[in-house]
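So the protein sequences, as listed, match chains H and X. According to numbering that gives the first Met the number 0, numbering within the first sequence proceeds without interruption in unit steps and concludes at 310. According to numbering that gives the first Met the number 0, numbering within the second sequence proceeds without interruption in unit steps and concludes at 261.
No lab work stands behind these hints: they were computed from the structure. Keep in mind the model is a prediction, meaning the values are calculated, not measured. The C-beta atom is built at its ideal place from N, Cα and C for all residues, glycine as well. A hint or two may mislead.
[As the list claims (entries may be wrong)] For each label pair, taking beta carbons as the anchor points, the in silico distance ranges come out as:
(1) X:GLY81 x H:ARG160: 44 to 50 Å
(2) X:GLU157 x H:MET238: 23 to 29 Å
(3) H:GLY175 x X:MET87: 42 to 48 Å
(4) H:LEU107 x X:GLY85: 41 to 47 Å
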Amino acid sequence: MTIPFHLYLPIAGNSVNMLVILGLGGAVGLLSGIFGVGGGFLMTPLLIMIGIPPTVAAASDSNQIVGASTSGTLAHFRLGNVDFKMGLLLLLGGIAGGTAGVQIIKVLRQLGNADFLINLTYVLMLGIIGSYMFAESLQSMRKAQKSMPAPRARRESLYGRISKILPWQMEFKRSGVKLSVLMPLALGTLVGVLAAIMGVGGGFIMVPIMVYLLRMPMHVVVGTSLFQILFTCINVTIMQAWRNHTVDFILALLLLIGSSIGAQLGVKLGKKLRGDQLKILLASLVLVVMVKMLYELLARPEILLAYVGGH
Amino acid sequence: MKNKKAIAVGTCFFVFFLICLFKVCAAGAKDDVRLRVEPEEIHIGALYDGATLIATGIVPADSEAIVRFMGTTCDLHMKERGKVAGIMWMNLDSITFRGAPSVCLVSSAVDLQGLEANGGASVRVLRLSGLRGSIQVEAEGGQHQNAIEEFLKLKQKEGLYREMFGNISYGNASEGQKSFRAEVPIPSRLIAGDYVVKLDAVRNGEVIVRSEIPVKVNLVGFPAFLSGLAFDHSALYGILATVIALLAGLGIGLVFQSKGSH
Numbered sequence: 000m001t002i003p004f005h006l007y008l009p010i011a012g013n014s015v016n017m018l019v020i021l022g023l024g025g026a027v028g029l030l031s032g033i034f035g036v037g038g039g040f041l042m043t044p045l046l047i048m049i050g051i052p053p054t055v056a057a058a059s060d061s062n063q064i065v066g067a068s069t070s071g072t073l074a075h076f077r078l079g080n081v082d083f084k085m086g087l088l089l090l091l092g093g094i095a096g097g098t099a100g101v102q103i104i105k106v107l108r109q110l111g112n113a114d115f116l117i118n119l120t121y122v123l124m125l126g127i128i129g130s131y132m133f134a135e136s137l138q139s140m141r142k143a144q145k146s147m148p149a150p151r152a153r154r155e156s157l158y159g160r161i162s163k164i165l166p167w168q169m170e171f172k173r174s175g176v177k178l179s180v181l182m183p184l185a186l187g188t189l190v191g192v193l194a195a196i197m198g199v200g201g202g203f204i205m206v207p208i209m210v211y212l213l214r215m216p217m218h219v220v221v222g223t224s225l226f227q228i229l230f231t232c233i234n235v236t237i238m239q240a241w242r243n244h245t246v247d248f249i250l251a252l253l254l255l256i257g258s259s260i261g262a263q264l265g266v267k268l269g270k271k272l273r274g275d276q277l278k279i280l281l282a283s284l285v286l287v288v289m290v291k292m293l294y295e296l297l298a299r300p301e302i303l304l305a306y307v308g309g310h
Numbered sequence: 000m001k002n003k004k005a006i007a008v009g010t011c012f013f014v015f016f017l018i019c020l021f022k023v024c025a026a027g028a029k030d031d032v033r034l035r036v037e038p039e040e041i042h043i044g045a046l047y048d049g050a051t052l053i054a055t056g057i058v059p060a061d062s063e064a065i066v067r068f069m070g071t072t073c074d075l076h077m078k079e080r081g082k083v084a085g086i087m088w089m090n091l092d093s094i095t096f097r098g099a100p101s102v103c104l105v106s107s108a109v110d111l112q113g114l115e116a117n118g119g120a121s122v123r124v125l126r127l128s129g130l131r132g133s134i135q136v137e138a139e140g141g142q143h144q145n146a147i148e149e150f151l152k153l154k155q156k157e158g159l160y161r162e163m164f165g166n167i168s169y170g171n172a173s174e175g176q177k178s179f180r181a182e183v184p185i186p187s188r189l190i191a192g193d194y195v196v197k198l199d200a201v202r203n204g205e206v207i208v209r210s211e212i213p214v215k216v217n218l219v220g221f222p223a224f225l226s227g228l229a230f231d232h233s234a235l236y237g238i239l240a241t242v243i244a245l246l247a248g249l250g251i252g253l254v255f256q257s258k259g260s261h
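In isolation and in its complexed conformation, chain H is listed as follows (with noise of 0.2 Å):
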């Protein structure tokens, strides 16, 4: 007797192996739970690899993520890392921007060569982060290896001096940092916008600038994020599910109970390395992506079609 280890997916219209589903969530589950990002820039992908629609592909996914991010969440809230006033004030950025976004997309599409400059958009983001991210986390463990002399007082940044004239302070004891109100929600705005014209959560653009902009600690961070990117996944499957009879549930249930196991083996893993262990990951990660990303723009596809939809 064979044990059956295919499922058919109704609404991705195909038959998959629950094995492979399993592992993909899995592995993307590990890094979301490591670094805070949903990894929707990595499972769409895959997920059109082995056949599944991508507009199918892009939805489940953020239904996956819910589960994901809950499981997540709460295993950083135990660990006293989720910052909630934070994550709610970058949360409503985030919709008043993702809002904007879609816009500023419509827009962009009427003009013409929209995708030339989202895919630009793209490469030049990834590159950014990830070389920053990647060269500061390199300093700070060179650093962190030498015997360090006694700290010599730092003249302070423009931006921190403009971040301490602003209105409405605010004390976030969780991040161990005081800002102003309209920071996390300008910070927040500025990732919804740039979300909603890339098509994904924005989870590895909120990263970095919860780290270097609002200056969070980064075990905090990864908490937080998962905990606004939970509210922004609940979001895009009602409405996917809604209007366009994207979601396949199926397809999100496999991907969750992977992803979930692979979260919270992520977050324990996550523990034991060190904050700036952890940013070389991620820049490294966002590097490869990057990388992936300028392949694909410069090589000649197989095909000289693509369906519309998708990441």
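Once you have looked at the hints, place chain X on chain H.
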């Protein structure tokens, strides 16, 4: 005398009529095809992973059977990829393919290229390349000469368009006819709807007779329930999918918490 002449003429006509009838019947029997398909309905359940469709029947002994499994035609909206600024490949113009079958699986006993080389224009129409004549392309701007070629490549990569040879076997010929049996592998990437199995008997590269049988593909069991929910009650489906994902995430989180606490 007149009566005798009339009887003779009548007899001649009658004999001539019988000869004609015999000839027509003989020719009809010779160039006749019969087609049966098993199963006539394909059920897609939760564990569906493709199926094998068996087409059997008879064709004229001196002909080749070509069996095609075809889906209904539909319009597909896609993007053409091209170079921007001379270096980068991007999705550019929108392009619509009209009248393309959702599935096209062509089976034969011998290589179709060989049959086509024998001079028949009809065989060419039965092949995947024959779809060039039936698919219409609507596109904005630019040159689109290779669009159908690329479309056929894409569909072949997806396993939905395919030419197979060697999956039809013949029985012994008798009375100018031979039986055939085709085993058509139906892909796992299949959606519910109306399909048709077409049989063409080809002699000297030309189709001499054809037949077709409809095949229905249905969703059954859990896939049918889920599909109904997703398309008929989409808002409820979206909320349920979200709530179940939330609960599953919480459940897995709690399982790990209890394991971690030991």
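| query | Of the numbered hints stated previously, which ones are contradicted by the structure, given in increasing order? | reply | Of the numbered hints given earlier, the structure breaks just one, which is hint 4.
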